[in-house]
Amino acid sequence: MTTSSAPPLFTTTGSPLNTPLDRSYQTSKITPSPSTPKDEQPDYLIVDSDQLYYVLTPSTPPPRAQVLLVGPFASERSHAYRLWARWARYLAAQGFDVLRFDFRGVGESTGAFENHSFTSWEADIHECVSFLRARSTLPLFLHGVGMGALLSSRLFNQGLGEALLLWSPPVSARAMLYDTLRMRMATDFALHRNAPRRTREDYIAELESGQLVEVEGFLWSERLWRESENYPLTLPPAVGDTSSSERPWSVIELDRRASDLMPVSAKMAGVPTKKTRPGTAPPSLNSSLGAFFEPSCAWLHETATKRVAVRP
Amino acid sequence: MRRIAKIQVDDYRLIGTYHEPASADGVNCPARDIALVILNFAQMPRAGLADLSVQLADKQASLGFPTFRFDMPGLGDSAGMDHEGVHDIWKFTESGGFAQFATALVHRLITQYHLRGVVLGGVCGGAITSLYATDKLPTGVVGLALLEPSYNRIEASDTQMPGKPAMKKGGANEKINRWRQLRTNLRTKSHTGGLRYLQKSYTSLRQALELVTGPRFPECINRPLVDVSRRVAARGLPILLVSAGSSQRWLFRYQVFGRIRKSKITFVEIEGTNHMLVSGGGKTKVIEHMGAWMMRTFPIVEKLAA
Numbered sequence: 086m087t088t089s090s091a092p093p094l095f096t097t098t099g100s101p102l103n104t105p106l107d108r109s110y111q112t113s114k115i116t117p118s119p120s121t122p123k124d125e126q127p128d129y130l131i132v133d134s135d136q137l138y139y140v141l142t143p144s145t146p147p148p149r150a151q152v153l154l155v156g157p158f159a160s161e162r163s164h165a166y167r168l169w170a171r172w173a174r175y176l177a178a179q180g181f182d183v184l185r186f187d188f189r190g191v192g193e194s195t196g197a198f199e200n201h202s203f204t205s206w207e208a209d210i211h212e213c214v215s216f217l218r219a220r221s222t223l224p225l226f227l228h229g230v231g232m233g234a235l236l237s238s239r240l241f242n243q244g245l246g247e248a249l250l251l252w253s254p255p256v257s258a259r260a261m262l263y264d265t266l267r268m269r270m271a272t273d274f275a276l277h278r279n280a281p282r283r284t285r286e287d288y289i290a291e292l293e294s295g296q297l298v299e300v301e302g303f304l305w306s307e308r309l310w311r312e313s314e315n316y317p318l319t320l321p322p323a324v325g326d327t328s329s330s331e332r333p334w335s336v337i338e339l340d341r342r343a344s345d346l347m348p349v350s351a352k353m354a355g356v357p358t359k360k361t362r363p364g365t366a367p368p369s370l371n372s373s374l375g376a377f378f379e380p381s382c383a384w385l386h387e388t389a390t391k392r393v394a395v396r397p
Numbered sequence: 020m021r022r023i024a025k026i027q028v029d030d031y032r033l034i035g036t037y038h039e040p041a042s043a044d045g046v047n048c049p050a051r052d053i054a055l056v057i058l059n060f061a062q063m064p065r066a067g068l069a070d071l072s073v074q075l076a077d078k079q080a081s082l083g084f085p086t087f088r089f090d091m092p093g094l095g096d097s098a099g100m101d102h103e104g105v106h107d108i109w110k111f112t113e114s115g116g117f118a119q120f121a122t123a124l125v126h127r128l129i130t131q132y133h134l135r136g137v138v139l140g141g142v143c144g145g146a147i148t149s150l151y152a153t154d155k156l157p158t159g160v161v162g163l164a165l166l167e168p169s170y171n172r173i174e175a176s177d178t179q180m181p182g183k184p185a186m187k188k189g190g191a192n193e194k195i196n197r198w199r200q201l202r203t204n205l206r207t208k209s210h211t212g213g214l215r216y217l218q219k220s221y222t223s224l225r226q227a228l229e230l231v232t233g234p235r236f237p238e239c240i241n242r243p244l245v246d247v248s249r250r251v252a253a254r255g256l257p258i259l260l261v262s263a264g265s266s267q268r269w270l271f272r273y274q275v276f277g278r279i280r281k282s283k284i285t286f287v288e289i290e291g292t293n294h295m296l297v298s299g300g301g302k303t304k305v306i307e308h309m310g311a312w313m314m315r316t317f318p319i320v321e322k323l324a325a
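Line by line, the protein sequences give chains A and B.
To convert, note that position 254 of the first sequence is 339 in my numbering; the numbers rise steadily by one, no gaps.
To convert, note that position 187 of the second sequence is 206 in my numbering; the numbers rise steadily by one, no gaps.
Calculated from the structure, these hints are not laboratory results.
One or more hints might be untrue.
Said to hold, decoys possible - Label-pair ranges, simulated between beta-carbon atoms:
| # | chain 1 | residue 1 | chain 2 | residue 2 | range |
| --- | --- | --- | --- | --- | --- |
| 1 | A | L297 | B | G277 | 35 to 43 Å |
| 2 | B | E288 | A | G295 | 31 to 39 Å |
| 3 | A | E379 | B | G300 | 42 to 50 Å |
| 4 | B | S220 | A | A260 | 49 to 57 Å |
| 5 | A | A260 | B | E307 | 31 to 39 Å |
| 6 | A | A383 | B | D30 | 27 to 35 Å |
| 7 | B | D246 | A | G295 | 47 to 55 Å |
| 8 | A | D133 | B | H294 | 30 to 38 Å |
| 9 | A | A383 | B | T158 | 49 to 57 Å |
| 10 | A | G295 | B | P237 | 45 to 53 Å |
| 11 | B | E238 | A | P147 | 24 to 32 Å |
| 12 | A | S221 | B | R242 | 28 to 36 Å |
| 13 | A | R267 | B | G277 | 38 to 46 Å |
Unchecked claim - Derived list of chain B stretches under chain A, where covered just means 3 residues or more per stretch with a C-beta under 8 Å from a C-beta of chain A:
| # | stretch |
| --- | --- |
| 14 | 67-77 |
| 15 | 93-102 |
Beta carbons: idealized from backbone N, C-alpha and C, even for Gly.
So that you can see chain A by itself, here it is in the shape it has in the complex (with noise of 0.2 Å):
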């Protein structure tokens, strides 16, 4: 792994137009963030010829630790983003260096998405613990949603990072991929009402003869949906209190399905979302995360002080 040698573009300050920007649109519902954290540091690793996109948000107070996000499915990248960049920057006001990144052939990384998999995947983890580890001796923490989860838990099974926090992992990677499926069949249904109507059983046959398949304007190749079969999430043994233990970790589900999911974990933490039926509010970008912040930085707080005070 090589960091890019190139450096920023540019960066060059001033209002270029001479004249002071329009602040009209300083209502009370588009402000300015004052938390706005000047040295973000967006940047390439090279992977295999390919650039990895991440970008890092060191701590503002001291850090304690450093937390590796690994985030979402490609198709859902993009509807997660904002949520991932602003939690990123409540960690790092929180004490933590964070570096977030986007996987080969998805977003600001380079690659088609077709020629990558989990195990291309799983190699982009890797590049960037070795990142972070080359930068800081800090306690490095792995932190997972949806489709991350289940890479970061399994890559922590192998030994990678010192703790492990979870958001909603899937069963399997291949009952993600399933679901994430129904998305094709909706669309087939809003664009071509009248054409025959196919099943995901249909689709599943076109992915094993080697075709390519289009979900949500990403091509799912065979390799994909062959390496899911046998990618189930694989949680660490629950041994009495996990936050204590050599390796702790944790899996925060957003919704009320924890219990059912994994009843055998010692260590599960339901954060109950607060549930509207469709339609009876707007989407909200900014809707108050603090009941889904908190308890995640709260348990990455508790295990950064044990780790200090277990170390010599």
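Given the structure of chain A, go ahead and fit chain B onto it with the hints provided.
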């Protein structure tokens, strides 16, 4: 090759990606002096939904056009502005709120890169911002790539949102809705051929009348955007207007742009895709159309010494 681009506009630091011009096999090719700038659509990060903007930029860079994608404040990696909800971003966009940042961006890129000009564009909100910004800039923008610009006001859909008074029972709206429901139900029956014929005739007659009497936009149309579009088109700028195919769009296009003599607008309709142009192969088609339009509209001209 992609590089990070950062531009400070007053208190706001805009984060973007620069796609260096290079042919598909990675060999550098002669850079053109016209750059493409792709702006955010709605609340999406600069990569766009299903990475449409990324792939558009890669294609244009492979044709020799320096291409930039930037996050506006509060979107993607550019911090600095907190929008309370999606609707607030939409309203802010449809009123041209991001245009001031786009104009600053255009000015800075032209200076920094010794460009002859830029083509502004984007999907939906990106197209809207491009129109407003171009209207504010007398020079600098040499073309527009408008992908599915939305001319509907968000307030129009607010009528379905909470906080609005419920539909009055027995009121005119309810009666209209019932009539619509009845009409929809009847459409599925085979004996409604006559009704359908009448409906089609009425629509054709109404459209023909509007051609003669001039456009009558419904309340839901963003009139300031229509006015801006007309002013920009009247300047004779090359404009690519891509829409997700619909046979009903021609009248609206005519109403907005039809009477402008100087306009150089290329209309493209892509069938079988959605508003975001990512499903049903829409992504591939829009990338092809845009590449062809850029090559046709901005052929290679010897770059002036920087």
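Exercise for the section: Can you let me know if the beta-carbon spacing of B/S220 and A/A260 is within 49 to 57 Å? Expected result: holds, 52 Å
Exercise for the section: Using the beta carbons of A/A383 and B/D30, state whether their distance is inside 27 to 35 Å or not. Expected result: Given a distance of about 32 Å, which is inside 27 to 35 Å, the answer is holds.
Practice task
Indicate whether the distance between the beta carbons of B/E238 and A/P147 respects the range 24 to 32 Å.
Solution key: violated, 57 Å
Problem - Assessment of proposed distance window 31 to 39 Å (beta carbons of A/A260, B/E307) - result: At 36 Å between Cβs, range holds.
Exercise for the section: For the range 42 to 50 Å, tell me whether the beta carbons of A/E379 and B/G300 fit it or not. Expected result: This hint holds: roughly 44 Å between Cβ atoms.
Practice task
Could you check the hint for me, namely that A/G295 and B/P237 are 45 to 53 Å apart, CB to CB?
Solution key: holds, 49 Å
Problem - Whether chain A covers the stretch 67-77 of chain B (at least 3 residues having a Cβ closer than 8 Å to its Cβ atoms) - result: holds (count 6)
Practice task
Apply the coverage criterion to the stretch 93-102 of chain B and chain A: a residue qualifies when its Cβ sits closer than 8 Å to a Cβ of the chain, and three qualifying residues are needed.
Solution key: holds (count 9)
Problem - Range hint compliance [Cβ, B/D246 to A/G295, 47 to 55 Å] - result: holds, 52 Å
Handout entry: Assessment of proposed distance window 35 to 43 Å (beta carbons of A/L297, B/G277)
Key = Hint holds: Cβ distance 41 Å, inside 35 to 43 Å.
Exercise for the section: Take the C-beta atom of A/S221 and the C-beta atom of B/R242, compute their distance, and say whether it sits inside 28 to 36 Å. Expected result: violated, 55 Å
Practice task
Hint says 49 to 57 Å; check whether the CB-CB distance for A/A383 and B/T158 agrees.
Solution key: Since A/A383 and B/T158 have Cβ atoms about 55 Å apart, the given range 49 to 57 Å holds.
In summary, the structure is inconsistent with hints 11, 12 from the numbered list given earlier, while agreeing with the others.
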